[in-house]
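If you're matching them up, the sequences are chains A and B in order. Under the numbering used here, the first residue of the first sequence carries the number 1, and numbering increases by one thereafter. Under the numbering used here, the first residue of the second sequence carries the number 1, and numbering increases by one thereafter.
Hints in this document: simulated from the structure, not taken from any laboratory. Be careful, since some hints might not be right.
[As the list claims (entries may be wrong)] Think about it this way: if two alpha-carbon atoms lie no more than 27 Å apart in a straight line, the pair counts; the simulated DSSO-like pairs of lysine-lysine are:
no., chain 1, residue 1, chain 2, residue 2
1, B, 10, A, 24
2, A, 23, B, 75
3, B, 92, A, 23
4, B, 70, A, 30
5, A, 30, B, 92
6, A, 34, B, 10
7, A, 30, B, 75
8, B, 10, B, 75
9, B, 10, B, 92
10, A, 34, B, 65
11, A, 34, B, 70
12, A, 34, A, 23
13, B, 65, A, 24
These figures come from a predicted structure and were not determined experimentally.
Residue strings, one per chain:
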Amino acid sequence: MADEQKSRYLHYLELVTGSLEEKKRWRRYKARVKGLPGAYRTAVEALERYLMHFGPADGAEAMTMYEDLADLFEQSAADRTPIRDIFGDDPVEFVEAFMANYPLGQYRARERARFTSAIERAAQENRTTR
Amino acid sequence: MATLMTEMLKGTLDGIVLAILSARPAHGYEITAWLRGRGFTDIAEGTVYALLVRAEQRGLVEVAKVPSEKGPPRKVYSLNARGRDHLDEFWKTWSFLAERLQQLRKGGK
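My request is simple: use the sequences and hints to build the entire structure.
Structure representation (structure tokens):
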């Protein structure tokens with residue numbers, strides 16, 4: 001009885017605040033970033049900001065994305081790979097290639113769907129008026 | 001030149017990475033070093049990592065975590081059966097492309 005109430009409460013909480021499991025994963029990821037040497041942490045935080053804007057914002061797959069990022073930078077820090085060698089001359093090139101592995105961000109997904117259906121309507125109109 | 005190379009590599013780099021892995025298992029850094037040693041000096045390590053993540057997601061490689069003396073365990077990637085099929089497909093497409101471009105260059109049709 002108490003368990004059921006608790007799980008209902010948790011379920012409600014998750015509806016309001018997002019999954020608790022994801023929150024835990026996010027906190028673990030942030031702790032890993034905090035443990036990185038300065039330059040690597042600066043780079044990850046810059047990536048994080050970009051990904052927040054253009055990548056998937058939440059959900060388990062977004063968490064996987066951040067964990068993959070932490071894997072890369074922990075390894076690079078251990079190897080002392082120069083920041084420039086990780087990113088190359090064009091950091092945008094890298095972040096876009098990286099982001100392409102995960103679901104689209106909400107904004108991009110919504111606009112792509114809107115765009116695709118608008119073109120579909122135009123093509124339809126074209127067929128009927130030709 | 002460097003940018004033309006970057007542009008042309010975009011569609012082929014994932015195939016190149018699989019081809020390297022078909023010879024022997026490797027981790028990300030080894031793959032980048034291999035590429036740089038063969039004249040692909042502009043390759044970013046992060047980009048290679050992004051391709052390895054993709055290959056893993058698509059089930060083309062197996063990943064083994066090997067302990068290392070410094071830092072976290074290394075992810076060592078090896079090509080599996082599905083990856084080899086994908087690589088065959090890549091080489092077929094590449095041959096087609098190379099052949100057509102050669103014809104174009106010779107002014108044929």
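Which hint numbers doesn't this structure obey?
-> The structure conflicts with hints 1, 3, 5, 6, although it agrees with all the remaining ones.
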